[in-house]
Amino acid sequence: MIHRSWKIIGLALLVYVAAMSFIVPLGPGLIDFQRVTTTERLDASPEQDAPFYELIGIGTHWNALNEEQSGQLKCILKHESQLAELPVVSITDDQHAIVKVDLPDTLPSKSWDVFVIHPIDGTLLLENGLFLEDQTIEENYSWTNPSIEQLESTLTFHFPFQPRIFESIRNLMWHVPMWFTMFVLMGIGFVASIKQLSAQNKTFQFDDQALASVQTGIFFGALGLLTGSLWARYTWGAWWVDDPQLNGALITVMVYAGYLVLRASVQNRRQRAQLSAVYNLFAFTILVILLMVLPRFTESLHPGKGGNPGFNTYDLDSTLRWVFYPAVLGWILWGVWMYRLRLQFNRLDEKLKRILH
Amino acid sequence: MLALQKIYHLVQHAIRIEIRNKHGILGLLIFAIAAVYVCYQTTGSSVHSESWNALIWVVLLFAAFNAVSKPWADDSAAMRSVLFHTVSPQHWILARIIYYTLMLCAMGLAVFLGFVIFLGLEPFKSSSPLHFFLGVELTAVALAALLALIQAIASRAGGGFSLISVLGLPLIIPIILISTRFGSDLISGMAFADTAHHLLFLATLTGGFVALGYILFPYLWRD
Numbered sequence: 278m279i280h281r282s283w284k285i286i287g288l289a290l291l292v293y294v295a296a297m298s299f300i301v302p303l304g305p306g307l308i309d310f311q312r313v314t315t316t317e318r319l320d321a322s323p324e325q326d327a328p329f330y331e332l333i334g335i336g337t338h339w340n341a342l343n344e345e346q347s348g349q350l351k352c353i354l355k356h357e358s359q360l361a362e363l364p365v366v367s368i369t370d371d372q373h374a375i376v377k378v379d380l381p382d383t384l385p386s387k388s389w390d391v392f393v394i395h396p397i398d399g400t401l402l403l404e405n406g407l408f409l410e411d412q413t414i415e416e417n418y419s420w421t422n423p424s425i426e427q428l429e430s431t432l433t434f435h436f437p438f439q440p441r442i443f444e445s446i447r448n449l450m451w452h453v454p455m456w457f458t459m460f461v462l463m464g465i466g467f468v469a470s471i472k473q474l475s476a477q478n479k480t481f482q483f484d485d486q487a488l489a490s491v492q493t494g495i496f497f498g499a500l501g502l503l504t505g506s507l508w509a510r511y512t513w514g515a516w517w518v519d520d521p522q523l524n525g526a527l528i529t530v531m532v533y534a535g536y537l538v539l540r541a542s543v544q545n546r547r548q549r550a551q552l553s554a555v556y557n558l559f560a561f562t563i564l565v566i567l568l569m570v571l572p573r574f575t576e577s578l579h580p581g582k583g584g585n586p587g588f589n590t591y592d593l594d595s596t597l598r599w600v601f602y603p604a605v606l607g608w609i610l611w612g613v614w615m616y617r618l619r620l621q622f623n624r625l626d627e628k629l630k631r632i633l634h
Numbered sequence: 004m005l006a007l008q009k010i011y012h013l014v015q016h017a018i019r020i021e022i023r024n025k026h027g028i029l030g031l032l033i034f035a036i037a038a039v040y041v042c043y044q045t046t047g048s049s050v051h052s053e054s055w056n057a058l059i060w061v062v063l064l065f066a067a068f069n070a071v072s073k074p075w076a077d078d079s080a081a082m083r084s085v086l087f088h089t090v091s092p093q094h095w096i097l098a099r100i101i102y103y104t105l106m107l108c109a110m111g112l113a114v115f116l117g118f119v120i121f122l123g124l125e126p127f128k129s130s131s132p133l134h135f136f137l138g139v140e141l142t143a144v145a146l147a148a149l150l151a152l153i154q155a156i157a158s159r160a161g162g163g164f165s166l167i168s169v170l171g172l173p174l175i176i177p178i179i180l181i182s183t184r185f186g187s188d189l190i191s192g193m194a195f196a197d198t199a200h201h202l203l204f205l206a207t208l209t210g211g212f213v214a215l216g217y218i219l220f221p222y223l224w225r226d
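Chain order of the listed sequences is A and B.
Going from the first sequence to the numbering used here is simple: count from 1 and add 277.
Going from the second sequence to the numbering used here is simple: count from 1 and add 3.
Among the clues, some could well be false.
Unchecked claim - On the chain A side, residues computed to face chain B include the following (Cβ under 8 Å):
no., residue
1, Ile528
2, Val532
3, Phe559
Claimed, not checked - Output of the computed footprint for chain A on chain B, the stretches with three or more beta carbons under 8 Å from beta carbons of chain A:
no., segment
4, 11-21
5, 208-219
These aren't lab readings, by the way, just hints derived from the structure by calculation.
Where a beta carbon is used, it is the ideal one built from N, C-alpha and C, also for glycine.
Generate coordinates for the entire structure from the input sequences, incorporating the hints supplied.
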């Protein structure tokens with residue numbers, strides 16, 4: 278029971294992660310801030326010539342307030358340190374509100390970030406939500422800032438809302454741990470290959486270990502490419518993009534596939550163990566260079582590297598951490614379990630072949 | 004000093020063998036020139052700068068693969084057992100890297116001259132072709148350092164040309180990516196100093212490959 282406990286822990290963690298990554302709701306966010314024409318708004322009185330804009334949120338609770346709390350929905354424009362509060366004219370429903378954009382003719386900037394502050398949802402941001410065309414721009418123009426307090430969301434346990442990523446943030450629990458698991462498995466293979474070379478071919482057990490770990494590692498690498506490709510289609514609009522991180526991932530998987538080809542082309546057991554151990558050391562070095570060193574020196578769309586909008590500093594808030602860390606641990610445990618099964622399978626397979634021939 | 008002398012002798016030995024059978028190096032040159040000529044014919048006389056840049060790296064890549072997959076006298080079983088008792092593996096791999104470097108640099112020169120003669124110097128309106136040539140030669144050095152080890156593994160496995168391609172091509176992609184980026188930066192009119200960091204990176208990679216070969220090759224040496 279004790280020596281199996283880590284397998285049970287791994288399985289339990291993955292069940293927890295699978296459940297959580299689909300049950301936990303996505304937090305509130307802003308999708309759009311767009312101009313509405315007066316024909317759409319019948320109650321617009323003709324003397325109001327300032328334009329009306331519609332705020333569109335997702336997962337927000339603008340209508341859920343009781344009487345004395347109404348009027349707590351605040352809409353704020355921001356450019357550097359300049360703030361301006363916009364009057365909220367009406368709240369259509371939880372996700373829609375009408376705002377009057379009544380601004381002076383001279384402004385410090387054309388494009389403005391839109392903030393919405395609400396007691397339940399907290400402070401939400403739509404970057405460059407408002408773009409003005411008619412106003413005169415004067416860089417040094419400033420006005421008195423209204424005093425505004427930022428509110429923290431009172432909603433408990435939700436995944437953070439990210440522009441462009443939306444619900445696909447759940448993929449974080451599947452895509453990222455695949456690569457972590459692959460690193461761990463390839464690391465096991467690396468150590469096994471060093472042992473094989475220093476054992477000077479007196480035993481082949483380390484060669485078996487290296488083979489099993491690379492086989493399992495390639496499986497996780499392929500899953501990582503697949504989940505990454507799905508995510509890229511959703512957030513970047515293409516199944517594959519030319520990007521250092523993606524190139525590195527694909528090349529790494531191909532280099533390890535070369536390991537299997539190399540093994541297949543050598544018949545002599547001793548020679549195969551030696552050659553593939555040397556190649557495996559080489560391949561692991563390439564993996565470290567391509568996936569950990571190279572992307573840090575080049576610009577990349579991929580999160581966590583270079584200049585990247587939307588997902589800066591991983592945006593791991595506490596809720597994501599509660600699911601992401603167990604996911605990494607669970608997948609690694611499961612990967613090691615799979616590696617051990619593969620090792621046993623390979624040994625039995627070889628034994629079977631020896632008996633049959 | 005002794006080590007340098009030994010390496011020098013090994014390189015000299017390799018070059019002497021190469022000169023003795025003349026078809027080897029001539030065949031490689033014909034391959035390179037023919038490949039350049041095919042590029043010239045398929046693109047027509049007016050080639051776009053970006054295509055110029057892309058084609059030269061692809062031709063260099065295949066010329067390099069062709070060069071290293073040539074059968075090598077040292078790989079025969081009889082020759083190996085002689086070398087095993089007389090030469091240290093570290094000297095031998097360094098000698099081989101140097102020899103490949105010389106060979107691939109010559110190929111780089113041939114390919115570059117071929118491109119200049121047939122496809123012209125159209126892309127270099129605002130930058131010097133000599134800087135581009137420097138990039139070609141550094142890429143040749145990086146390819147030599149990488150392919151020396153790959154060739155050693157593949158020849159020991161007895162897989163021949165197909166195994167060199169399978170093992171080598173994925174590893175070559177990073178080198179070619181860096182070189183292509185360097186070339187397109189230069190062609191688009193960027194100053195050499197602003198894009199030289201690519202070359203620095205290429206040199207670092209080369210150093211890494213040489214170190215890996217130096218550390219790992221002794222394990223391939225003994226049987």
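Hint check:
Look at A:Ile528: its Cβ gets to within about 5 Å of chain B, closer than 8 Å, so that hint holds up. A least Cβ separation of about 5 Å between A:Val532 and chain B falls short of the 8 Å threshold, and the interface hint therefore holds. Using the Cβ-Cβ criterion of 8 Å, the hint placing A:Phe559 at the interface with chain B is satisfied: the shortest such distance is roughly 6 Å. Here's how the segment 11-21 of chain B fares: 0 of its residues keep a CB closer than 8 Å to some CB of chain A, so the rule of at least three is not met and the hint is violated.
For the segment 208-219 of chain B, the proposed coverage by chain A is satisfied: 4 residues have a C-beta within less than 8 Å of a C-beta in that chain, meeting the threshold of three.
Of the numbered hints listed earlier, the single one contradicted by the structure is hint 4.
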